[in-house]
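Each chain, written out:
Protein chains: 2
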Amino acid sequence: MGGDDAPESIVEGALLASELNVNLVLFGDETKINKLLNNRKAGHITIKHTEEEVSMSEKPISFLKKLKMTSLGLATKFSGDDLSHGTISAGHSGASVVAASKYLKRKDVRKPVLGTFIPTSENPVFLLDVGANVDTKAEDLLMFAKLGSEFYSFWSGKKNPTVGLLNIGSEKGKGDRESIKAYDLMDEASSEGLFNFVGNIEGRQVGGQGKEINVVVCDGFVGNVILKFAEGIAVSLMEMLASGLKESARSNIFIPLAKGGIKKSLKSVKKRLDYSEYGGAPLLGLKKPFFICHGSSNPKAIFNAIKHMKNLIMRQNGEKND
Amino acid sequence: MGGDDAPESIVEGALLASELNVNLVLFGDETKINKLLNNRKAGHITIKHTEEEVSMSEKPISFLKKLKMTSLGLATKFSGDDLSHGTISAGHSGASVVAASKYLKRKDVRKPVLGTFIPTSENPVFLLDVGANVDTKAEDLLMFAKLGSEFYSFWSGKKNPTVGLLNIGSEKGKGDRESIKAYDLMDEASSEGLFNFVGNIEGRQVGGQGKEINVVVCDGFVGNVILKFAEGIAVSLMEMLASGLKESARSNIFIPLAKGGIKKSLKSVKKRLDYSEYGGAPLLGLKKPFFICHGSSNPKAIFNAIKHMKNLIMRQNGEKND
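As given, the protein sequences belong to chains A and B, one line each in that order.
Positions in the first sequence are counted from 1; adding 67 to them yields the numbering used here.
Positions in the second sequence are counted from 1; adding 67 to them yields the numbering used here.
Don't take every hint at face value.
Given that identical chains are not distinguished, each listed pair holds provided it fits within a single copy or across any two copies.
What the hints assert, rightly or not - Calculated pairs, DMTMM-like style, for lysine to aspartate or glutamate (alpha carbon to alpha carbon, straight line, at most 25 Å):
#: 1; residue 1: K239; residue 2: D71
#: 2; residue 1: K241; residue 2: D202
#: 3; residue 1: K374; residue 2: E298
#: 4; residue 1: K241; residue 2: E125
#: 5; residue 1: K169; residue 2: E125
#: 6; residue 1: K241; residue 2: D71
#: 7; residue 1: K169; residue 2: D202
#: 8; residue 1: K126; residue 2: E238
#: 9; residue 1: K248; residue 2: E125
#: 10; residue 1: K248; residue 2: E238
#: 11; residue 1: K239; residue 2: E298
#: 12; residue 1: K337; residue 2: E314
#: 13; residue 1: K126; residue 2: D243
#: 14; residue 1: K226; residue 2: E206
#: 15; residue 1: K377; residue 2: E217
#: 16; residue 1: K331; residue 2: E306
#: 17; residue 1: K278; residue 2: E306
Keep in mind the hints are simulated off the structure, nothing from the lab.
Using the sequences and the hints, build the whole thing.
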């Protein structure tokens with residue numbers, strides 16, 4: 068059990084999930100977890116004691132050696148051995164990708180792919196890859212499209228979601244070497260009915276402007292930069308706005324009185340942008356679901372990750388969600 | 068003379084620039100321009116009549132043939148022939164890059180590079196390349212660093228600005244093939260005193276969060292996607308906020324009364340994010356300055372582009388700015 072606020076946030080999130088009718092297995096320090104549970108009702112939780120963990124700042128050379136003894140390694144292997152339906156990690160992202168690649172069977176892919184929702188509009192874009200792969204080839208982008216489309220369908224229940232290729236222009240023929248090739252591959256796959264390709268997508272659309280789009284594929288370098296830029300700019304805009312309001316309050320006496328309402332609006336925007344609503348970033352291309360949560364996940368984010376994973380597993384098994 | 072609002076915005080912007088003590092040569096339809104000038108005092112403006120122009124939606128195959136007869140081609144050649152100090156275009160971006168590459172002498176670079184300010188904090192990041200180059204090599208990124216550092220110094224007056232490499236992690240060794248190589252090249256150039264390299268920069272910092280940084284270099288595909296994403300997300304956030312305030316106004320009677328002040332704050336944020344404050348995106352690596360303005364530039368953006376170009380030219384010539 069890892070993460071910046073582990074095990075507190077994870078235990079609290081797991082407790083919230085009692086209403087979801089799921090069985091949870093927590094991998095971590097049994098004494099610490101029991102202390103946090105503090106005799107609260109947790110019939111849905113089982114604890115597997117582990118001695119080792121991957122710390123958030125650890126380098127590959129150090130975590131690779133001990134991975135199989137850590138909470139991360141053991142939790143993932145547990146799923147790989149068919150003892151659980153899926154894995155959620157709020158620990159070290161790089162180590163999570165390594166553990167998933169090592170202990171879970173792969174679909175027909177070279178490497179797992181990390182996707183995430185970019186929550187900039189009513190219907191957020193599901194962007195992949197956001198950092199598990201770099202130096203991506205056209206064939207990889209094609210595979211991302213298949214995996215993204217499949218995941219989005221299971222996640223949202225929408226059949227045949229729209230899939231776009233992130234590019235620097237909307238017309239065919241735009242982009243770098245691999246994007247130009249990927250366009251043709253995706254177009255061909257789409258005409259064979261593999262997914263619903265709608266062409267090149269520019270940054271503006273991922274930012275919530277223009278035609279609604281469900282899934283957008285890109286190289287992991289580009290996706291990672293966008294994801295982090297989005298986090299940065301959202302905070303910056305809120306800061307600018309707060310300081311602007313403070314400034315305006317000097318000349319408009321109603322602003323302090325309207326404060327509660329303004330705060331509520333800012334909160335609703337923050338909530339929309341909040342990663343924790345989505346729970347976690349799915350690592351795709353594996354035979355068992357694996358979600359990577361933000362290192363600083365709060366209990367709500369952990370709860371949402373559990374909820375989304377349950378729904379995903381049920382849809383994959385053809386069952387109806389609650 | 069091109070652009071979505073040409074020639075109106077350009078003529079108005081040129082008129083505003085009378086206070087800058089510059090001589091402007093406008094390339095376009097003389098009759099139309101004179102009609103717009105409408106006998107207003109414009110001693111600083113000369114008109115060169117041109118019959119042809121590149122329309123905003125034109126394909127390379129079509130504009131390449133006639134480029135030398137267009138307002139864009141002739142204005143650029145005018146500068147290349149040392150008849151002007153620099154060129155500003157609000158027309159077709161792709162055609163502008165082509166015209167500049169064709170008519171202006173190049174510094175020791177393979178291709179010109181497009182830079183722009185990402186206005187997310189007090190001290191906006193100057194990001195390059197934002198779309199003139201794709202499939203960038205490590206050597207190109209090194210060149211971007213030199214050009215960006217030099218431009219930033221002239222533009223802001225700051226000596227030895229900080230230069231970072233856009234990447235998916237802050238540590239050395241992170242990133243794709245070319246970024247890993249570029250880190251070493253930039254580090255070496257920095258230790259030789261060519262510019263002030265401060266290491267890898269993540270998307271969050273370009274979004275205004277974290278240590279202040281002046282210049283960030285990246286491949287043109289990545290830069291273009293960020294630039295457009297920033298435009299999209301800024302609009303989306305404002306829309307979300309407006310709808311949130313409308314919602315809150317139902318339960319808080321002071322919000323309608325505070326409306327003026329709130330609007331003012333939103334405006335100040337919009338102004339901060341506004342490309343037109345920066346006037347235009349410089350195309351670097353050429354022996355004459357060339358600015359590409361947004362196709363939808365308003366008169367203020369054109370005015371600011373003229374102002375910044377004047378200051379740049381004066382600094383390059385070792386003169387003091389006004």
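Hint by hint, here is what the structure shows:
For the identical chains of this complex, K239 and D71 are inter-copy neighbours only, at 23 Å across copies versus 44 Å inside a copy, given an alpha-carbon limit of 25 Å. For the identical chains of this complex, K241 and D202 are neighbours both inside a copy (18 Å) and across copies (12 Å), given an alpha-carbon limit of 25 Å. Taking the shortest alpha-carbon separations for K374 and E298, only the intra-copy value of 23 Å comes in at or below 25 Å, while the best inter-copy value is 33 Å. In the homo-oligomer, the alpha carbons of K241 and E125 lie at most 25 Å apart only across protomers (14 Å), although the nearest pairing inside one protomer, at 40 Å, exceeds that limit.
For the homomeric pair K169 and E125, the shortest alpha-carbon distance inside one copy (18 Å) is at most 25 Å, but the shortest distance between copies (51 Å) is not. Within a single copy, K241 and D71 get their C-alpha atoms only as close as 41 Å, which misses the 25 Å cut-off; across copies the closest is 22 Å, which meets it. Only within a single protomer do K169 and D202 lie at most 25 Å apart by alpha-carbon distance; the minimum there is 21 Å, versus 32 Å between protomers. In this assembly of identical chains, K126 and E238 lie within 25 Å of each other by CA distance solely across copies; the values are 11 Å between and 42 Å within a copy.
When the C-alpha separation of K248 and E125 is checked against a cutoff of 25 Å, the pair qualifies only between copies, where the shortest distance is 23 Å, while the shortest distance within a copy is 37 Å. For a Cα distance limit of 25 Å, the shortest separation of K248 from E238 inside one copy, 13 Å, qualifies, whereas the shortest one across copies, 32 Å, does not. Proximity of K239 and E298 under a CA criterion of 25 Å is satisfied inter-copy only: 22 Å between copies versus 30 Å inside one chain copy. In this assembly of identical chains, K337 and E314 lie within 25 Å of each other by CA distance both inside one copy and across copies; the values are 21 Å within and 15 Å between.
In this homomeric assembly, K126 and D243 come within 25 Å of each other (Cα to Cα) only across copies, at 18 Å, whereas the closest approach inside a single copy is 32 Å. Taking the shortest alpha-carbon separations for K226 and E206, only the intra-copy value of 24 Å comes in at or below 25 Å, while the best inter-copy value is 45 Å. In this assembly of identical chains, K377 and E217 lie within 25 Å of each other by CA distance solely inside one copy; the values are 16 Å within and 54 Å between copies. For the identical chains of this complex, K331 and E306 are neighbours both inside a copy (15 Å) and across copies (15 Å), given an alpha-carbon limit of 25 Å.
In this assembly of identical chains, K278 and E306 lie within 25 Å of each other by CA distance solely across copies; the values are 16 Å between and 29 Å within a copy.
Checked against the numbered hints listed earlier, the structure breaks none of them; every hint is satisfied.
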